[in-house]
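Residue numbers (the numbering used here), protein chains in the order written: chain U, 9 to 146; chain F, 8 to 169.
There may be inaccurate statements among the hints.
As the list claims (entries may be wrong) - Distance condition first, Cα-Cα at most 30 Å in a straight line; then the derived BS3-like pairs of lysine-lysine: (1) F:K45 <-> U:K72; (2) U:K141 <-> F:K45; (3) U:K66 <-> F:K45.
Hints in this document: simulated from the structure, not taken from any laboratory.
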Amino acid sequence: MRYIPYLLVGVLFGFVLIKSEAASWYRIQEMFHFQSFHMFGIMFSAIVTAFVTTQIIKRLNSQKALDGQVIEIPEKPAGRTSYIAGGLVFGIGWGLIGLCPGPVFALAGTGSIGAIVVLAGALHGTWLYGALKQYLPH
Amino acid sequence: MMLFIGNRSFGISNNLRHLCAITQPPNVDVDFFRYNWKEHIWSLVFVIGTALGGYLAGVVFANPEPVAISQATQDMLLAWGFTQPGAFLVPDELFHTSVRNFTFLFAAGVLVGFGTRYAGGCTSGHAITGLSTLQLPSLFAVLGIFAGGMFSSWFLVPWMLN
Chain U
9 MRYIPYLLVG VLFGFVLIKS EAASWYRIQE MFHFQSFHMF GIMFSAIVTA FVTTQIIKRL
69 NSQKALDGQV IEIPEKPAGR TSYIAGGLVF GIGWGLIGLC PGPVFALAGT GSIGAIVVLA
129 GALHGTWLYG ALKQYLPH
Chain F
8 MMLFIGNRSF GISNNLRHLC AITQPPNVDV DFFRYNWKEH IWSLVFVIGT ALGGYLAGVV
68 FANPEPVAIS QATQDMLLAW GFTQPGAFLV PDELFHTSVR NFTFLFAAGV LVGFGTRYAG
128 GCTSGHAITG LSTLQLPSLF AVLGIFAGGM FSSWFLVPWM LN
């Protein structure tokens, strides 16, 4: 029962990803060629909304989440190499298939076998990183 | 919203790690996947919801209109050899069932899985959660992501289709 809110927000997220066409390969190519404001508008409004809501949370008297925990915003570990290098690798994949980890689940939900193949690849890539982690610069 | 519901920091690609942790056979035992994934069930529930939302938006309430990409994009895609740019969300030329397509999709998926874990997040964890909480590492990640994406979109994709 306590997972229901996550399920509902997940449904909303998947619904929006499809309806906003963020899960469209065409929209991603269009974005990387700066041919439309569409995707930039989606990302920009998501970032602004998240910024405003986290600022509101910080200023509330009671910073309790629904389940009673105090809300903390975790800091990303400091660093540069892994963020840029990992970002590049991910970006190359994203530019090829036009799907990042959120949309791939949404598209799989529409019954796309291709999205499930991407997901299978992504799981292998994740595993590969886990296995090679100690040999990579971070 | 995720912070508010249960003090959860939002990011999708971590689920790929959890799925690896769940399925890791005991004789393989990579450190990176040795943790209690059961604490992250909320996150897996979220992506099950995402798929369900995709089903609702893409099948139950499907939009019959084509993707309204700009004229410039349509011209570019026609020049790349696509016959019906934007007819559905993804091009049939790359996603229909064939050994060639599935090899390509799987390989690019490997890059996505590897890169997101190396960078510690993807579009949701870095661009949305990270940038909105003003974290410098996320800015590095977003710059890397965008540079990589432009490289693919400007050079690799046209070369591959050629």
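Hints, one by one, checked against the model:
Of the supplied pair hints, the one linking K45 (chain F) and K72 (chain U) holds, its CA atoms being roughly 23 Å apart against a limit of 30 Å. Distance check on the hinted pair: K141 (chain U) and K45 (chain F) sit about 23 Å apart at the alpha-carbon level, within 30 Å; holds. Simply put, K66 (chain U) and K45 (chain F) have alpha-carbon atoms about 29 Å apart, close enough for the 30 Å limit, and the pair holds.
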